[in-house]
Amino acid sequence: MAKTNPGRFFEDYKVGQVIRHAVPRTVSGGERAMYHALYPARSALYSSDEFARVSGLPSAPIDDLAAFHVVFGKTVPDVSLNAVANLGYAEGRWLRPVYPGDTLRSESEVIGVKENSNGKSGVVYVRTTGLNQYDHKVMEYVRWVMVRKRDLSAPAPEAVVPNLAKVVDPKDLVVPTGLDFSNYDFELAGEAHRWGDYEVGEKIDHVDGVTIEEAEHMIATRLWQNTAKVHFDATFREDGKRLIYGGHVISMARALSFNGLANAQMIVALNGGAHANPCFAGDTVKAWSEVLDKAETGAPGVGAIRLRLVATKQGAAPFAYKGEDGKYAPEVLLDLDYWALMPI
Amino acid sequence: MAKTNPGRFFEDYKVGQVIRHAVPRTVSGGERAMYHALYPARSALYSSDEFARVSGLPSAPIDDLAAFHVVFGKTVPDVSLNAVANLGYAEGRWLRPVYPGDTLRSESEVIGVKENSNGKSGVVYVRTTGLNQYDHKVMEYVRWVMVRKRDLSAPAPEAVVPNLAKVVDPKDLVVPTGLDFSNYDFELAGEAHRWGDYEVGEKIDHVDGVTIEEAEHMIATRLWQNTAKVHFDATFREDGKRLIYGGHVISMARALSFNGLANAQMIVALNGGAHANPCFAGDTVKAWSEVLDKAETGAPGVGAIRLRLVATKQGAAPFAYKGEDGKYAPEVLLDLDYWALMPI
Amino acid sequence: MAKTNPGRFFEDYKVGQVIRHAVPRTVSGGERAMYHALYPARSALYSSDEFARVSGLPSAPIDDLAAFHVVFGKTVPDVSLNAVANLGYAEGRWLRPVYPGDTLRSESEVIGVKENSNGKSGVVYVRTTGLNQYDHKVMEYVRWVMVRKRDLSAPAPEAVVPNLAKVVDPKDLVVPTGLDFSNYDFELAGEAHRWGDYEVGEKIDHVDGVTIEEAEHMIATRLWQNTAKVHFDATFREDGKRLIYGGHVISMARALSFNGLANAQMIVALNGGAHANPCFAGDTVKAWSEVLDKAETGAPGVGAIRLRLVATKQGAAPFAYKGEDGKYAPEVLLDLDYWALMPI
Numbered sequence: 000m001a002k003t004n005p006g007r008f009f010e011d012y013k014v015g016q017v018i019r020h021a022v023p024r025t026v027s028g029g030e031r032a033m034y035h036a037l038y039p040a041r042s043a044l045y046s047s048d049e050f051a052r053v054s055g056l057p058s059a060p061i062d063d064l065a066a067f068h069v070v071f072g073k074t075v076p077d078v079s080l081n082a083v084a085n086l087g088y089a090e091g092r093w094l095r096p097v098y099p100g101d102t103l104r105s106e107s108e109v110i111g112v113k114e115n116s117n118g119k120s121g122v123v124y125v126r127t128t129g130l131n132q133y134d135h136k137v138m139e140y141v142r143w144v145m146v147r148k149r150d151l152s153a154p155a156p157e158a159v160v161p162n163l164a165k166v167v168d169p170k171d172l173v174v175p176t177g178l179d180f181s182n183y184d185f186e187l188a189g190e191a192h193r194w195g196d197y198e199v200g201e202k203i204d205h206v207d208g209v210t211i212e213e214a215e216h217m218i219a220t221r222l223w224q225n226t227a228k229v230h231f232d233a234t235f236r237e238d239g240k241r242l243i244y245g246g247h248v249i250s251m252a253r254a255l256s257f258n259g260l261a262n263a264q265m266i267v268a269l270n271g272g273a274h275a276n277p278c279f280a281g282d283t284v285k286a287w288s289e290v291l292d293k294a295e296t297g298a299p300g301v302g303a304i305r306l307r308l309v310a311t312k313q314g315a316a317p318f319a320y321k322g323e324d325g326k327y328a329p330e331v332l333l334d335l336d337y338w339a340l341m342p343i
Numbered sequence: 000m001a002k003t004n005p006g007r008f009f010e011d012y013k014v015g016q017v018i019r020h021a022v023p024r025t026v027s028g029g030e031r032a033m034y035h036a037l038y039p040a041r042s043a044l045y046s047s048d049e050f051a052r053v054s055g056l057p058s059a060p061i062d063d064l065a066a067f068h069v070v071f072g073k074t075v076p077d078v079s080l081n082a083v084a085n086l087g088y089a090e091g092r093w094l095r096p097v098y099p100g101d102t103l104r105s106e107s108e109v110i111g112v113k114e115n116s117n118g119k120s121g122v123v124y125v126r127t128t129g130l131n132q133y134d135h136k137v138m139e140y141v142r143w144v145m146v147r148k149r150d151l152s153a154p155a156p157e158a159v160v161p162n163l164a165k166v167v168d169p170k171d172l173v174v175p176t177g178l179d180f181s182n183y184d185f186e187l188a189g190e191a192h193r194w195g196d197y198e199v200g201e202k203i204d205h206v207d208g209v210t211i212e213e214a215e216h217m218i219a220t221r222l223w224q225n226t227a228k229v230h231f232d233a234t235f236r237e238d239g240k241r242l243i244y245g246g247h248v249i250s251m252a253r254a255l256s257f258n259g260l261a262n263a264q265m266i267v268a269l270n271g272g273a274h275a276n277p278c279f280a281g282d283t284v285k286a287w288s289e290v291l292d293k294a295e296t297g298a299p300g301v302g303a304i305r306l307r308l309v310a311t312k313q314g315a316a317p318f319a320y321k322g323e324d325g326k327y328a329p330e331v332l333l334d335l336d337y338w339a340l341m342p343i
Numbered sequence: 000m001a002k003t004n005p006g007r008f009f010e011d012y013k014v015g016q017v018i019r020h021a022v023p024r025t026v027s028g029g030e031r032a033m034y035h036a037l038y039p040a041r042s043a044l045y046s047s048d049e050f051a052r053v054s055g056l057p058s059a060p061i062d063d064l065a066a067f068h069v070v071f072g073k074t075v076p077d078v079s080l081n082a083v084a085n086l087g088y089a090e091g092r093w094l095r096p097v098y099p100g101d102t103l104r105s106e107s108e109v110i111g112v113k114e115n116s117n118g119k120s121g122v123v124y125v126r127t128t129g130l131n132q133y134d135h136k137v138m139e140y141v142r143w144v145m146v147r148k149r150d151l152s153a154p155a156p157e158a159v160v161p162n163l164a165k166v167v168d169p170k171d172l173v174v175p176t177g178l179d180f181s182n183y184d185f186e187l188a189g190e191a192h193r194w195g196d197y198e199v200g201e202k203i204d205h206v207d208g209v210t211i212e213e214a215e216h217m218i219a220t221r222l223w224q225n226t227a228k229v230h231f232d233a234t235f236r237e238d239g240k241r242l243i244y245g246g247h248v249i250s251m252a253r254a255l256s257f258n259g260l261a262n263a264q265m266i267v268a269l270n271g272g273a274h275a276n277p278c279f280a281g282d283t284v285k286a287w288s289e290v291l292d293k294a295e296t297g298a299p300g301v302g303a304i305r306l307r308l309v310a311t312k313q314g315a316a317p318f319a320y321k322g323e324d325g326k327y328a329p330e331v332l333l334d335l336d337y338w339a340l341m342p343i
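Protein chains in written order, with numbering that gives the first Met the number 0: chain A, 0 to 343; chain W, 0 to 343; chain R, 0 to 343.
Be aware that one or more of the hints could be misleading.
To be verified - PhoX-like mimics (lysine-lysine), calculated; alpha carbons at most 20 Å apart, straight line: (1) K2(R) with K293(W); (2) K2(W) with K293(A); (3) K119(R) with K13(R); (4) K2(A) with K165(A); (5) K113(W) with K148(W); (6) K202(R) with K321(R); (7) K202(W) with K113(R); (8) K228(A) with K240(A); (9) K148(R) with K13(R); (10) K2(W) with K228(W); (11) K13(R) with K113(R); (12) K170(A) with K136(A); (13) K119(A) with K165(A); (14) K13(R) with K2(R); (15) K2(A) with K202(R); (16) K293(W) with K165(W); (17) K202(W) with K202(A); (18) K2(A) with K119(R).
Stated by the list, open to error - Per label pair, the in silico range of CB-to-CB distance: (19) G322(A) with N182(R): 53 to 59 Å; (20) E108(W) with V17(A): 55 to 61 Å; (21) V17(A) with T176(W): 53 to 59 Å; (22) P57(W) with D134(R): 19 to 25 Å; (23) K202(R) with A328(W): 39 to 45 Å; (24) D134(R) with V17(A): 24 to 30 Å; (25) P277(A) with D171(R): 48 to 54 Å; (26) S181(W) with D134(A): 29 to 35 Å; (27) A316(R) with Q313(A): 29 to 35 Å; (28) A328(W) with G239(R): 21 to 27 Å.
Worth flagging that the hints you see were computed from the coordinates, not collected in a lab. Ideal Cβ positions, reconstructed from N, Cα and C, are used throughout, including at glycine.
Given these sequences and hints, build the entire structure.
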């Protein structure tokens with residue numbers, strides 16, 4: 000019997016099943032440095048231990064999206080090795096900052112399965128939890144993927160489709176213990192705009208762009224121990240292209256959004272997300288954001304802002320999004336809906 | 000009003016103005032590892048905590064040029080976003096080594112402005128200071144750039160041109176507290192040549208070359224949180240090329256100069272520098288040095304050596320420099336004049 | 000006299016000579032993060048401090064091959080600058096894990112010289128030892144290289160060819176102090192297969208592939224301070240190609256072998272190795288392994304497994320190896336023979 004991992008197929012997933020994912024990972028200043036080298040990330044809270052301390056944290060955490068990638072990467076061999084498509088995210092929440100020295104691992108519970116009418120594949124819903132070395136939850140999110148069946152004659156399971164929130168309710172956002180933006184230094188943070196300066200409906204073109212290189216997206220994707228073939232092996236697809244890990248586009252767009260949203264410091268919830276079109280090396284990624292909502296939090300000086308982050312590639316119209324048919328324009332790469340914390 | 004940073008234009012700079020730059024940055028062993036991965040840097044003092052301790056330092060500092068890049072990178076959004084050209088450096092001094100765990104920030108004082116006769120742009124002189132978490136100065140340097148005017152009808156300011164030293168006087172060099180090369184191990188450092196073995200006027204061809212890749216210069220430039228579009232966005236210039244950050248060439252040339260100058264350990268002053276010609280991916284960078292001067296320091300076993308470091312690209316003649324017209328040969332990329340510390 | 004390093008030529012090596020190599024190097028979490036970013040390495044013992052502690056170690060060591068590359072890189076300027084070919088490895092043993100904070104240096108003793116019959120070059124055998132800051136040996140190995148003569152008229156030295164073991168005897172394997180796999184968590188480690196599940200003669204196709212980029216192999220090679228021109232300078236070879244450091248292929252193949260050998264955690268011996276064919280950017284590296292032998296160790300729950308690791312490139316037949324003429328197939332890049340430790 001082959002010793003390599005064949006991955007799970009649709010019929011291998013049962014609602015209620017819990018998968019403990021390999022491999023635990025200890026992060027350090029090395030991961031922090033690499034994150035800054037791979038993305039134009041400049042958020043002061045993640046760049047400076049001093050800035051973090053003034054904000055009530057013990058030191059600068061690892062970027063929230065780096066924590067997400069570490070947690071997500073571990074699920075790939077168990078959840079998406081035989082996936083045909085990554086369909087969506089919901090109910091994502093960051094529950095505790097991750098600091099250098101922390102060791103992360105991931106678990107997923109299967110919360111839904113629904114076979115497709117073609118009988119060849121089905122949709123699997125998992126709720127993934129990232130835990131640190133104290134078994135404290137650092138984040139959780141729901142993801143659903145379309146997975147092939149191994150045996151087309153396997154009977155369809157009873158369909159279970161979870162009832163997922165369209166948006167994380169602001170009262171469910173977890174503000175890190177101690178976070179306090181009362182003494183926030185806007186000059187050091189890079190921009191003067193505070194929570195009160197953003198209006199729902201406002202759109203921001205982040206202006207800057209980055210042309211993607213093969214070496215960079217592979218380095219990034221491996222850093223999170225996501226080893227899916229399609230990102231690394233130019234002989235895998237017929238067109239000889241390496242598909243870029245969607246998370247690379249998420250981090251690139253989020254980092255680009257610093258220019259106009261420098262004070263949207265911490266990501267606390269992922270309401271939803273779609274990888275609208277594939278991204279390949281040579282594409283030039285730009286980003287724009289739309290303010291979708293605002294909310295207060297109990298923490299001193301801390302407001303919450305709900306943002307749509309859209310990544311586009313070369314050729315995109317200004318604020319390119321969906322066409323009249325409701326479909327994404329072909330130059331749209333990513334549509335992400337998240338909550339961030341910002342000084343009031 | 001757009002929330003993105005439009006940058007400052009010529010008429011926004013006033014002599015005496017002090018700009019506190021975003022974003023503070025904590026460095027760690029991660030930045031050290033990346034510096035070694037991006038450049039063929041082998042100076043023992045920066046590579047080994049043990050070697051540094053024998054030399055009287057608490058541990059290996061972050062490379063002097065890495066400290067420079069961190070300090071410099073922060074100034075880009077405030078000083079050179081609308082710059083047409085980076086014209087020069089002077090009076091640069093490293094004042095204190097930077098160690099893993101230190102948090103750096105930058106401030107610049109405008110010390111000169113002079114509108115060009117065409118009325119479309121002007122030259123701005125700033126003295127930039129890098130500070131650590133204790134507000135101790137770690138370095139300072141003067142830079143002048145040509146910046147566009149926003150409003151061509153804005154009146155020309157009174158011209159102020161600072162009187163800058165052509166060379167940092169050796170008696171103004173700051174030798175790090177405790178530095179002692181009395182027990183210097185030349186074998187472990189990689190070369191036997193000591194301060195006394197170098198003669199003023201001597202030229203050294205550093206022999207080795209590195210062909211530059213897009214991914215590498217972008218990773219390096221982002222690592223210092225320098226996010227100038229022209230380095231990252233292949234759609235920005237009409238020729239589709241990404242201009243390589245001048246600091247990447249500085250670090251590459253300095254690292255190449257290990258072969259022949261392995262014992263020129265610490266950089267303590269930047270007397271001047273010119274980015275003679277642009278560098279692009281695919282160029283093969285080589286370097287040569289000329290000994291310009293030597294001086295004693297009060298520190299045990301420590302001498303100072305003033306070096307011209309010239310980076311060239313493919314096609315350069317041996318020791319390529321300037322033509323009879325006083326202009327740099329087209330294959331010359333960099334002309335840097337600095338003081339380093341070397342065991343006597 | 001030129002101050003750059005001309006390297007040693009064949010006639011410069013004398014049996015019994017000991018060379019202390021420059022430059023000592025302190026490793027940190029930065030090197031660990033970069034190793035994970037450059038290779039699809041997922042071994043739990045090297046990824047997680049917690050997993051390492053449960054296995055009886057103080058924290059996760061730096062990958063064994065990273066330690067090898069650091070030790071090896073230092074020898075290049077002294078041993079292989081004028082080498083025509085890297086001929087082989089033998090009697091390699093890892094003697095002590097390397098942890099973040101350790102400072103490594105290398106020494107080599109010349110243990111054999113034999114001039115070639117053409118009188119133009121000769122074979123030099125060195126036994127290289129890596130030492131940490133306490134002068135404890137962390138590893139040792141024998142390497143032999145063909146080196147050019149400087150002076151063709153120099154007389155041939157008395158030939159000394161060391162008698163090298165074909166395989167490190169299992170009783171000479173050094174199991175790290177405290178290592179204990181009694182509480183090994185196979186689920187967290189990523190695979191269920193234990194020592195008892197592998198049979199001598201069994202072959203494993205590791206399935207995954209990685210297409211190599213110039214930026215990546217240069218970043219990796221510099222990380223180990225291996226600055227041999229041929230890896231970096233596209234103008235050096237007539238065909239404009241940069242030869243990829245053989246160690247990059249070793250690490251890539253070993254990391255790919257996680258898929259099927261996730262529990263072959265620690266490398267403890269290098270029995271032999273051949274860089275069968277050169278590797279260049281654009282090649283897609285895959286790997287397969289063969290179980291050559293198994294042995295018990297005295298340590299609780301710890302078995303030893305001897306593996307042949309073969310790296311191939313695009314176009315290779317399944318389990319490509321040698322032809323009937325005993326020569327490697329042209330698509331074979333690497334043939335490595337090593338001992339690893341695995342939970343029983």
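A quick look at each hint next to the structure:
1. Straight-line distance between C-alpha atoms of K2(R) and K293(W) comes to about 17 Å, which keeps the hinted pair within the 20 Å bound.
2. About 17 Å separates the Cα atoms of K2(W) and K293(A), which keeps this hinted pair within 20 Å; it holds.
3. For the hint pairing K119(R) with K13(R), the CA-to-CA distance comes to about 17 Å; that is within 20 Å, so the pair holds.
4. Distance restraint check for K2(A) and K165(A): the Cα-Cα separation of roughly 41 Å exceeds the 20 Å cut-off, and the hinted pair is therefore not satisfied.
5. Between K113(W) and K148(W) the CA atoms are separated by roughly 12 Å; this keeps the pair inside 20 Å, and the hint holds.
6. Restraint check for K202(R) and K321(R): satisfied, since their Cα atoms lie roughly 15 Å apart, inside the 20 Å limit.
7. Distance hint between K202(W) and K113(R) is unfulfilled; the C-alpha atoms sit about 38 Å from each other, more than 20 Å.
8. In summary, the hint linking K228(A) to K240(A) is supported, as the alpha carbons are separated by about 12 Å, within the 20 Å threshold.
9. Restraint check: the Cα-Cα separation between K148(R) and K13(R) comes to about 13 Å, which is no more than 20 Å; the hinted pair holds.
10. Restraint check: the Cα-Cα separation between K2(W) and K228(W) comes to about 17 Å, which is no more than 20 Å; the hinted pair holds.
11. About 11 Å separates the Cα atoms of K13(R) and K113(R), which keeps this hinted pair within 20 Å; it holds.
12. The hinted pair formed by K170(A) and K136(A) meets the criterion: a straight-line CA distance of about 18 Å does not exceed 20 Å.
13. A threshold of 20 Å between alpha carbons decides the hint, and for K119(A) with K165(A) the separation of about 28 Å lies outside it, so the pair is violated.
14. With a CA separation close to 23 Å, the supplied pair K13(R) and K2(R) exceeds the 20 Å bound.
15. Distance check on the hinted pair: K2(A) and K202(R) sit about 10 Å apart at the alpha-carbon level, within 20 Å; holds.
16. Only pairs whose Cα atoms come within 20 Å are accepted, and K293(W) paired with K165(W) is accepted, the gap being roughly 16 Å.
17. Between K202(W) and K202(A) the alpha-carbon distance is near 57 Å, which puts this suggested pair outside the 20 Å criterion.
18. Proximity of K2(A) to K119(R) is assessed by CA-CA distance (about 49 Å); at most 20 Å being required, the pair is judged violated.
19. A beta carbon spacing of about 57 Å between G322(A) and N182(R) agrees with the range 53 to 59 Å that was offered as a hint.
20. About 60 Å separates the C-beta atoms of E108(W) and V17(A), a value consistent with the hinted range of 55 to 61 Å.
21. Between V17(A) and T176(W) the beta carbons are some 57 Å apart, a value that agrees with the proposed interval 53 to 59 Å.
22. At about 21 Å, the CB distance of P57(W) to D134(R) agrees with the hint of 19 to 25 Å.
23. Hint check: K202(R) to A328(W), Cβ distance near 58 Å, so the stated range 39 to 45 Å is violated.
24. For the hinted restraint 24 to 30 Å between D134(R) and V17(A), the CB-CB distance of approximately 49 Å leaves it violated.
25. Roughly 52 Å separates the CB atoms of P277(A) and D171(R), a value that falls within the hinted 48 to 54 Å.
26. S181(W) and D134(A) have their C-beta atoms about 53 Å apart, which leaves the hinted 29 to 35 Å range violated.
27. Between A316(R) and Q313(A) the beta carbon distance is about 41 Å. The supplied range of 29 to 35 Å is therefore violated.
28. Here the CB-CB span from A328(W) to G239(R) is close to 23 Å, well matched to the stated 21 to 27 Å.
When held up to the earlier numbered hints, the structure conflicts with 4, 7, 13, 14, 17, 18, 23, 24, 26 and 27 and fits the remainder.
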